[in-house]
Amino acid sequence: MRSEDERYFQRLELQLDEAFDVAERAKERGADPVPEVEIPVAQDMADRVENILGIDGVAERVRELEGEMSREEAALELAEDFAEGRVGDYETKAGKVEGAVRTAVALLTEGVVAAPIEGIDKVEILENDDGTEFVNVYYAGPIRSAGGTAQALSVLVADYTRALVGIEQYDAREEEIERYAEEVSLYDKETGLQYTPKDKETKFIAKHMPIMLDGEATGDEEVSGFRDLERVDTNSARGGMCLVLAEGIALKAPKIQRYTRNLDEVDWPWLQDLIDGTYYDDAADDEDETDEESADEEGDESADGDEDAADADGEDDAPDPDEPQGPPRVDESMKFLRDLIAGRPVFSHPCAEGGFRLRYGRARNHGFATAGVHPAAMHLVDDFLATGTQIKTERPGKAAGVVPVDSIEGPTIKLANGDVRRIDDPEDALEIRNGVEKILDLGEYLVNYGEFVENNHPLAPASYTYEWWVQDLEAAGADVQALEDDPRIDLEFPDPEMALELAAEHDAPLHPEYTYLWHDLSVDAFCDLAAAVADGRVEGTGSDGDDTLVLDYDDATADALETIVIEHRQRADEDRIEIDTWRPFVRTVGCEPRQAVADGAALDPDPDEQRREPTIELERTWADDGLSERARNWGHDEDGDNAIEAVTEVAPFEVRERAPTRIGNRMGRPEKSERRDLSPPVHTLFPIGEAGGAQRNVADAASHAETMSDTPGVVELQIGRQRCGACGTETFKNRCPDCGERTDPDYRCPDCDQSLEPDDAGRVECDRCEREGTCVETREIDVKDEFRSALESVGERENAFEILKGVKGLSSTNKIPEPIEKGVLRAKHDVSAFKDGTVRYDMTDLPVTSVRASELDVDVGQLQALGYEEDIHGEPLTHEDQLVELKVQDIVLSDGAAEHMMQTADFIDDLLEQYYGLASFYELDERDDLVGELVFGMAPHTSAATVGRVIGFTSAAVGYAHPYFHAAKRRNCDGDEDCVMLLLDGLLNFSKSFLPDKRGGKMDAPLVMSSRIDPSEIDDEAHNMDIVSQYPREFYEATREQADPGEVDVQIAEDTLGTDGEYTGFEHTHDTTDIAMGPDLSAYKTLGSMMEKMDAQLELSRKLEAVDETDVAERVIEYHFLPDLIGNLRAFSRQETRCLDCSEKFRRMPLTGECRECGGRVNLTVHKGSVNKYMQTAIQVADEYDCRKYTKQRLEVLERSLESIFENDKNKQSGIEDFM
Amino acid sequence: MPLEASARIVSELTTRGYNAEREAVTKLAAAEDPHAALERVLENVPDDVLVVRADHVAAALPADGTGTAARSDAPADSESTPSTSTGTDATPGRESTESSPVETEGSSHVDRAADPDLRSLEIIGDMTGQSTGTGEYEDFVSVFRDRLDRLGSKLRGRVNHRPASAIEDMPGGSDVAMVGLVNDIRSTASGHWLIELEDATGTFPWLVMKDREYVDLVDELLCDEVLAMEGTLADDSGIAFVDSMYFPDVPRTYEPSTADRHVQAALISDVHVGSEEFMADAWDRFADWLHTDQARHVEYLLIGGDMVEGVGVYPDQDEELDIVDIYEQYEAFNEHLKKVPGDLEIVMIPGNHDAVRLAEPQPGFDEELREIMSAHDPRIVSNPSTVTIEGVSVLMYHGVSLDEVIAELPEEKASYDDPHKAMYQLLKKRHVAPQFGGHTRLAPEEEDYLVMEEVPDIFHTGHVHKLGFGKYHNVLAINSGCWQAQTDFQKSVNIDPDAGYAPIVDLDTLDVTVQKFS
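Quick mapping for you: the protein sequence lines, in order, are chains B and S. Note that the UniProt record's numbering gives residue 803 to position 803 of the first sequence, counting from 1, and the numbers run on in steps of one. Note that the UniProt record's numbering gives residue 80 to position 80 of the second sequence, counting from 1, and the numbers run on in steps of one.
Hints should not be assumed to be uniformly reliable.
[Unchecked claim] The calculated BS3-like cross-link candidates involving lysine-lysine, where the alpha carbons are at most 27 Å apart (straight line), are: (1) K198(B) x K491(S); (2) K335(B) x K491(S); (3) K491(S) x K200(B); (4) K189(B) x K491(S).
[Unchecked claim] Here are a few chain S residues that sit away from chain B, every Cβ distance over 12 Å (derived from the structure): (5) A177; (6) P256; (7) H297.
Think of the hints as simulated: they come from the structure by calculation, not from any bench. Note that beta-carbon positions come from the ideal geometry of N, C-alpha and C, so glycine has one too.
Could you put together the complete structure from these sequences and hints?
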């Protein structure tokens, strides 16, 4: 590690220590459930693993093993330790296996995700039919977050430990094997699996599995056969088990095999058969799976028809590998269009002309599952794209977060007045937006090399761009350095003369700026266009070169010009098409401008003409039949649909394919930057039952009385009983109300009421009754008194806040309430608590590796104060516009997040002063003061927080941070979101005691924090990001071969791991003016109703050249309206009912008609209105967008079904509309 | 002469606006060149004739048939006649009403079938056009109350029942009985069964001990079926211990009615026209067979739903459709229907693939579809409906609830291999689709049309594409097969459908013979 990196981390840790001290002092004084900070600091993965598991000694052992072997091997090594009792304090064999399995999962997930604690429920020992013992591992849903490899390895570790402690293998009964098969396919149908093994495969695995895979029921649907098995507790699908079996064992068999080979104790010879697929033979007699039924086909017949179709028209016209008849092209993939949702538009159909053009490169706010889009394009797609909006994309991955990059080419549009313009300035885009008739081209779409590596996607043919051209120029022998240094030449955007000169002088390809999309034009159209150009004339040939090519107006010519995306003006009524920048264009179509003094003066004497202007004639240098056979037939989809070869033959210079790869995409999720509120929001985790009304208003509860005879404010609640050790007072508080000492939970046996003490493992059990003890009791609490005294103790009055919201009840094991005082102060500062007591703010994750002070709304001084001394070129940092390389744990807050953090800081300061009686900590006056403060970053499904430092602010509704910071939280940036918390808020207010006592309760809670990021311990997806400033020419050439990304030499982050440079040197190929450009919010969020969104979506689809609006309408109906209609109709005819008064649910309408619980009114849960809300819209859309008859008929049939159910045949509804 | 010939002749005749007697068709088919023969017959029939009779054929063709042999090129010609099975060359409408003269005329088919006057056909429980429910909560309540009233009345005489609310107030240890809907079935921690019965006053829990003889019956129970329980009240009157259980059931001594003469009905279902897997050839053989002497007593054709494959029944269905247009599917079905003899009485109910609402009861097809399916003027009624033919009542129900019965009950009591056993369960419960909230969908109407108020003589279902029949307390239960070969979906779940079978019932004996056409 470089010394400056070390200094950086020390600084963070110092700051962290300071806050920790304050928090520790506060905690000692307050009445929190535990008198100390509950988030342990983990310096490395070993620490995290130990902290998450809570097993002493693991960290030390992990550190020992880490240097010597891979993590997987370490997991197996640890299994031995567990088996032999060297690690962990387990007496039972089951306990040893459990410890080993959990540790393995924790180790393989770097101690960040919740899978090891939430995904493995328990391990138990059961008996085989022959009386021997076997191991049963009980998985739960959250095992999902571990990923397939860790899941599969957990099974191996369980088996290995089993063998070591001397337990026999599991011998599955026949019906259990069948059950596995049925269950896996049921789970796939209900929830979906990434990989679904065939029934035979499942049975094969089940039959040979040496341990039993079991788990909790996760769904409502039950299996139809093989029910009520003795050793299987549930008839529903066991989600965790299905995941481990299908996505773990079945999918990752080769990986497990690598480790089983080296272990003598376990022998899984069947893995080879599984990998080879040879289990079919010996499973051949496993017939008869007639448990499903024919008419129930509604589930899974989604044939992969569309991909097949797309593949079919791939390369069928290239039979001769030596002499390709067409250009290299990627195949269309329709997958991203699946499940299209109303209101989320399609921007481009697969590989469609006019869609986004693939450009390779990484912008500084880019990489790690993002897509660079020009901000002008964001505006032109009616603001549907904003920074951070997720798009579902055709390639290379499935989804990406959108980032604004303005150093790429913008979109080209046709205005209502006939102007065709390329828009490279977002301001221009806003100005002309209302006049846009057609978006001919969406501009470039930046994807970095690393994305292709990460997705293992063959490289797609690259656009001919400046980065490539300039290397071609150099290869052609030009002195590029000299040209770049020449102040008169803008090499990236040269004027036409310069471009032509460079091409001619160095025999280099034409500059991309003047290379048009010839490959989209057919050879015939190209010939016609050349003819039209030859007939054209040049006007305004003056001294200043401000001349214009004028062609006769013709639809075909206009179409051709639109297809190749060249700026021009169409004036149909004047019979003119005008092209300003015409010279490279004219040369490309094989015409030579010839300067001539017009001697037509005699024919056309013009007395006003002062002097004869020289005119330019365009001479076509070639004839249609002069084209070679190859050029005439050059094409991709069909012969002759690509004019690039013809252009190459007729142009005096080489012309490259400007945009051979178009990438289809559609909108996924909108970006997010919102405070995390529970619903309804909660200020204090103090229970008030129903007394607070639907709002859970504590003040209301304080004055609530059930009947006249009740004391107002006294509410009966389930709450944890505490007892003061000093004076024996019974209370529910963490501090004795009498003597002020801390109290302890008072556990009793629910049967014999004997007082119990927790054992070392924290379990409380009554020896006599063999029942688990509890401290929870139902008692009357005087909420009024609690509320009043809380207000008093923090010195606030009720008018300090609008409303103070509590919770209905506590869901934690011991039901320990939070002091109301904290809630009072939260309400005062308008922040609300998450289930764990912390205040959170959610943001979509985006990466950034270099930043400017100016875009972060901070000044150079602030950056310098944070340790930024040099810009990316090594120059001293003096100016706001200089780029500096972001340090790995520094993050940029969205404006909203900053605002919320300010409020939280104020709350914390008040809390320290008014509740804990300490000095305030933050004392922020303005937003700038937030810079340098520490926060926690924390992602859902994980249990570890990562410390970050605020460096600045952005108006984009996203959280920008270093990709390593996101990867440390195990997020990528394809639309994922997670939260930030203010450091001291987490330290002071988080308590494990608040976490719900249910599956998943420990997810999304900071059970441990990482104080520094170790690049080798983060999600390795981030290691695939490229970190260079230029891709080599060989790379671009390899894309034409559609090479495997691994074959190309571009440096990625992985290459610097473990070196001094691992925290630095993240270079980029493209800059962007500001990391927040384009709209601040996606139109999806600013438009109102679903209908408005859908109208806008369909409207946009009409405007986009690359989108087939009928297909969009079809898909919206097919994937959104129809499923909604069908689903609701089905739900209607088999619905539950609910009591309006007490919310009791009934499977079927009670025969009494009224609620059996309270006598209240019962009503349907699915009404006519919710069933047919989209019916008319769907019919209208189908009609307006000319959908297929099949779709229309489906709607017709449905409409009649609705009528049949909801209308009385004998009394046809005549609504008001009939009379209007 | 291939069997399809008859069908071709019939369809050729119908497209030209003629109906034909069976014998006439047989004779034409027997001619050496049926196509030429047909042309000659049509040239010779009088203009006002709508039905081609055997004597027309006899008059037009020389007895030895050599008259047609001269035209040697004709057979090839007839082969190339466009097959009507594609359903696209339909000329619908013209023949729609012409079948009635056959029946009234009567006199000429003495040797084929009996006098049409002997026929009788009556429909009960057709709710087409009677759907009064508007999907309100009250509609649901009244439909379940109606179920309890009507099925309960079959049980109330058998036990000394009390309302649920009254039982609670009875002293512990009393003997009690109750009639109600099964509201809930749970197993207790100790392996007993707790069954909650509900009547119009509330619910009461009944405990079936695991060692009691009745415990096996618990496996058969479905939620929302009506039954009676008898037992002893626990000491605290909070629960009762079941001693006996009663189902509405079919009396063991039930004696079905039979027809007075030897007449047969063909019971089929699940034609699935429009599907790529529709077995047109098998259907044609079936239609041809109906024209033969062997089938001379078949005078009724009952079709138990799924005439067509439908649209949008499952995702991406269009990729597996031979005919994507739903109306064209019905037109094609009609063309296939035309091939059966015109003097058959046809009754049809819709199924879950048909273009009517999925929720049961399903009304018969709307006017537009009836217009299309006009061949031989079929009777189109709701699913379910009871049709009484010559005294024999046939309860026709498509059978969606069979899936649920098979899923919920143990394999030996209901399985796809023995679909009729699942039907026995429905007969026992006297309800075609008892369980609410699961697989089967319910549209609330003012009465429960799904109740079997009267015991049918024959119970006819389809839907599961498996053939199976048997008798339950003398009631004949038939699940007909289908006319759709194995689909990819069925293949994937290993279902082997019984396709191309027609069970034929002797209405005078209720004996079944199965004709195979695949």
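Against the structure, the hints:
1. K198(B) x K491(S): Measuring from Cα to Cα gives roughly 13 Å; hence the hint holds.
2. K335(B) x K491(S): holds (25 Å)
3. K491(S) x K200(B): Holds, at about 14 Å.
4. K189(B) x K491(S): holds (17 Å)
5. A177: Fine: 18 Å to the nearest Cβ keeps A177(S) off the interface.
6. P256: holds (29 Å)
7. H297: For H297(S), whose nearest Cβ neighbour in chain B is about 32 Å away, the distance exceeds 12 Å, so it holds.
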